[in-house]
Amino acid sequence: MRTAIFITCLTDTFFPRVGTALVRVLRHFDCPVTFPEKQTCCGQPAYNSGFHDEAACLVRRMADLFANFDRVITPSASCATLVKQHGPALLDEPRVRDLADRTYEVCTFLEHELDLDFTELVHTHEPTTYHYPCHARETYTLADLQRWLSGIRDLRHPPRPDLCCGFGGVFAVDFPELSGNMLTDKLQVLAGTGAELVISNEAACTLQMAGGARRANLPLRFKHMIEIVAENLGLMGADE
Amino acid sequence: MTAGLRKRVAAAAADRTVVDAVHLATWRKVDARAASFAALPHAGKLRDHADQIRRHTLAHLPHYLRQFTDQARNRGAHVHFAATAADACELATDIATHAATTLAVKAKSMTTEEIELNTALAAAGVRVVETDLGEFIVQLDHDKPSHIITPIIHKNRRQVARAMARELGTPYTEDPDTLAQQARSYLRQIFHDCDLGITGANFAIAESGTLVLLTNEGNGRMTTTRPRVHIALVGIEKLLPRLSDLGVLLKLLARSSTGQPLGSYTTLITGPRRPDDRDGPDELHVIFVDNGRSDILTGPHADVLRASAAGPA
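Protein chains in written order, with our numbering: chain A, 1 to 240; chain B, 1 to 313.
Chain A extracted, bound-state conformation (with noise of 0.2 Å):
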């Protein structure tokens, strides 16, 4: 089996400690990766934001790019819905869809494919609270993160665990102070869970999150849920 990473702009750019994770736990259960280097953004804002040639382009160029392997696991789970749903939607062609039914959101990639069971892999020290980002509903369900963080001895349930953090991509570049409100009332949330450790697995999600936690100086953390996992297996120090 030839298994590629698919690393998605923001995690490789922000967030470099998610891939180290993603790579160390897929290579722990005897899963070599590869990482091709000529990835780039596979248009996921282009599209969001209604350039849709100019997103079928990047498509083409993914579907190219990762033609060569039998799996592509990605750390995000919005880069996964603009391979697996809008690539296809957006060009109907073999390869297309091809690659959108070899793509795969690590989270439901270690369940559904290794059968790996979170609840044992995914535990912390300390009071713990979560994210659950809008754009994962066609991924994984609230319900399904909530299972995978169920072993979480001190897991905080905030109120409206989907309430969305207000990035929505180019919507914060085009209504910063909306997205800053919207900002505001999730960090509230977040806080008043008296957590500090917060589980985000949407790299954009989280860049806004703690962007926005360090400036109105908020003691919290973010982790992608395959940190922990990482940690727990002993792969990285909880401070690597």
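It cannot be assumed that every hint is accurate.
Claimed, not checked - Each computed DMTMM-like pair below joins lysine to aspartate or glutamate, with the alpha-carbon atoms no more than 25 Å apart: (1) K45(B) with D162(A); (2) K7(B) with D20(B); (3) K29(B) with E177(A); (4) K144(B) with E114(B); (5) K38(A) with D12(A); (6) K144(B) with E177(A); (7) K29(B) with D185(A); (8) K144(B) with D101(A); (9) K29(B) with D87(B); (10) K7(B) with D143(B); (11) K7(B) with E177(A); (12) K144(B) with D290(B); (13) K29(B) with D48(B); (14) K29(B) with D15(B); (15) K144(B) with D177(B); (16) K38(A) with D53(A); (17) K7(B) with E114(B); (18) K7(B) with D87(B); (19) K144(B) with E174(B); (20) K29(B) with E138(A); (21) K7(B) with D185(A); (22) K38(A) with E93(A); (23) K29(B) with D162(A); (24) K38(A) with D101(A); (25) K144(B) with D87(B); (26) K45(B) with E138(A); (27) K29(B) with E174(B); (28) K144(B) with E113(B); (29) K144(B) with D15(B); (30) K38(A) with D92(A); (31) K38(A) with D64(A); (32) K7(B) with D174(A); (33) K45(B) with D144(A); (34) K7(B) with E116(B).
In short, the hints are calculated from the structure, not lab data. Fair warning: this is a prediction, and the values are worked out from it, not measured in the lab.
Put chain B on the given structure of chain A with help from the hints.
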């Protein structure tokens, strides 16, 4: 996007009153919607079914428009077609002028907002009074509706109280029940004096030429029974093939919009008053409004019309 829009958004986002009012209304609606869908068996299947009905209808729109027209005319209604907003306003204005009316009541209708009918009628000497409480307050306060379902989502009770006292000359109060009673008393006289009722329609049933109107305050029924003439402005995407399709859409519409299992009043109107009816208008005019919808339907964004088709009147 225009710089003007950006500026207005930034100003609204910085206005604590607006932000708090929107918060309160939004959470109330979000929670009510979630609760009402949780209590609906087979909600997912119903939505899929509704989607299929909408797709089918929009794919055969000319057929169902003809069927509605034939059925409605058989039952004594007049049916008109407006290609543009200006055409729709002209048709409505002609009907009002012909009926020699100077006072009209209107039930909440986003289609009439879209074509800016009130302005056109005012220019023709017809005063239009909004009868939905939210729209009534918007009109009193010389404002615009800020939300398709909750038109005064941006106002708090103090702003409503000030507008009512200033424009109606009633004693200042912030008590919602008293404010509603003040509006009701004022509107009673208007309902008594008017000659023309204007509405949209949530659905138009092709097989029987029936208009369906959903309201929560009963003003829709007053507007469609008291005046001599009723004009309904209907976006062409509002058609449904059969009365049996209505049940599917009704289970979803109020739940999605206000979180109610069903709106308080679901009014089905088929033709004008018959000789043995105790009330109802002498004349019923249905104006189908295209105003760009046909272009959308044949373009890449046809999904927009499927959503709008299940939306407000």
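Status of each hint after checking the structure:
For the hint linking K45(B) to D162(A), the alpha-carbon distance of about 23 Å falls within 25 Å, and the restraint holds. Taking the CA atoms of K7(B) and D20(B), the gap is near 19 Å; set against the 25 Å cutoff, the hint holds. For the hint pairing K29(B) with E177(A), the CA-to-CA distance comes to about 23 Å; that is within 25 Å, so the pair holds. At most 25 Å may separate the alpha-carbon atoms for a hinted pair to count; K144(B) and E114(B) meet this at roughly 12 Å.
This hinted pair checks out: K38(A) and D12(A) have alpha carbons roughly 13 Å apart, not beyond 25 Å. Distance restraint check for K144(B) and E177(A): the Cα-Cα separation of roughly 22 Å lies within the 25 Å cut-off, and the hinted pair is therefore satisfied. The hinted pair formed by K29(B) and D185(A) meets the criterion: a straight-line CA distance of about 17 Å does not exceed 25 Å. At most 25 Å may separate the alpha-carbon atoms for a hinted pair to count; K144(B) and D101(A) exceed this at roughly 48 Å.
For the suggested pair K29(B) and D87(B), the alpha carbons sit about 36 Å apart, so the restraint of at most 25 Å is broken. A distance of roughly 18 Å separates the Cα atoms of K7(B) and D143(B); the hinted pair therefore holds under the 25 Å criterion. At roughly 10 Å between alpha-carbon atoms, K7(B) and E177(A) fall within 25 Å of each other, so this suggested pair holds. Distance hint between K144(B) and D290(B) is fulfilled; the C-alpha atoms sit about 23 Å from each other, no more than 25 Å.
For the proposed pair K29(B) and D48(B), the alpha carbon gap of about 23 Å is at most 25 Å, so the pair holds. For the suggested pair K29(B) and D15(B), the alpha carbons sit about 21 Å apart, so the restraint of at most 25 Å is met. Restraint check for K144(B) and D177(B): the C-alpha separation of about 23 Å stays at or below 25 Å, so the hint holds. Distance check on the hinted pair: K38(A) and D53(A) sit about 21 Å apart at the alpha-carbon level, within 25 Å; holds.
The suggested pairing of K7(B) with E114(B) holds, with an alpha-carbon distance near 22 Å, which does not exceed 25 Å. At roughly 33 Å between alpha-carbon atoms, K7(B) and D87(B) are farther apart than 25 Å, so this suggested pair is violated. Restraint check: the Cα-Cα separation between K144(B) and E174(B) comes to about 21 Å, which is no more than 25 Å; the hinted pair holds. Restraint check for K29(B) and E138(A): satisfied, since their Cα atoms lie roughly 23 Å apart, inside the 25 Å limit.
Of the pairs offered as hints, the one joining K7(B) and D185(A) holds, with about 22 Å between alpha carbons and a cut-off of 25 Å not exceeded. A C-alpha spacing of about 22 Å is found between K38(A) and E93(A), which places the hinted pair at or below 25 Å, so the restraint holds. Restraint check for K29(B) and D162(A): the C-alpha separation of about 15 Å stays at or below 25 Å, so the hint holds. A threshold of 25 Å between alpha carbons decides the hint, and for K38(A) with D101(A) the separation of about 21 Å falls inside it, so the pair holds.
A threshold of 25 Å between alpha carbons decides the hint, and for K144(B) with D87(B) the separation of about 23 Å falls inside it, so the pair holds. Taking the CA atoms of K45(B) and E138(A), the gap is about 17 Å. The hint holds against a cut of 25 Å. Among the hinted pairs, K29(B) with E174(B) is consistent with the structure: their alpha-carbon atoms are about 22 Å apart, no more than 25 Å. Taking the CA atoms of K144(B) and E113(B), the gap is near 9 Å; set against the 25 Å cutoff, the hint holds.
Using a Cα cut-off of 25 Å, the hinted pair K144(B) and D15(B) holds, with the two alpha carbons roughly 17 Å apart. Proximity of K38(A) to D92(A) is assessed by CA-CA distance (about 23 Å); at most 25 Å being required, the pair is judged to hold. For the hint linking K38(A) to D64(A), the alpha-carbon distance of about 11 Å falls within 25 Å, and the restraint holds. Among the hinted pairs, K7(B) with D174(A) is consistent with the structure: their alpha-carbon atoms are about 11 Å apart, no more than 25 Å.
Between K45(B) and D144(A), the direct Cα distance comes to roughly 21 Å. Compliance with the 25 Å bound is thereby established for this hinted pair. Simply put, K7(B) and E116(B) have alpha-carbon atoms about 24 Å apart, close enough for the 25 Å limit, and the pair holds.
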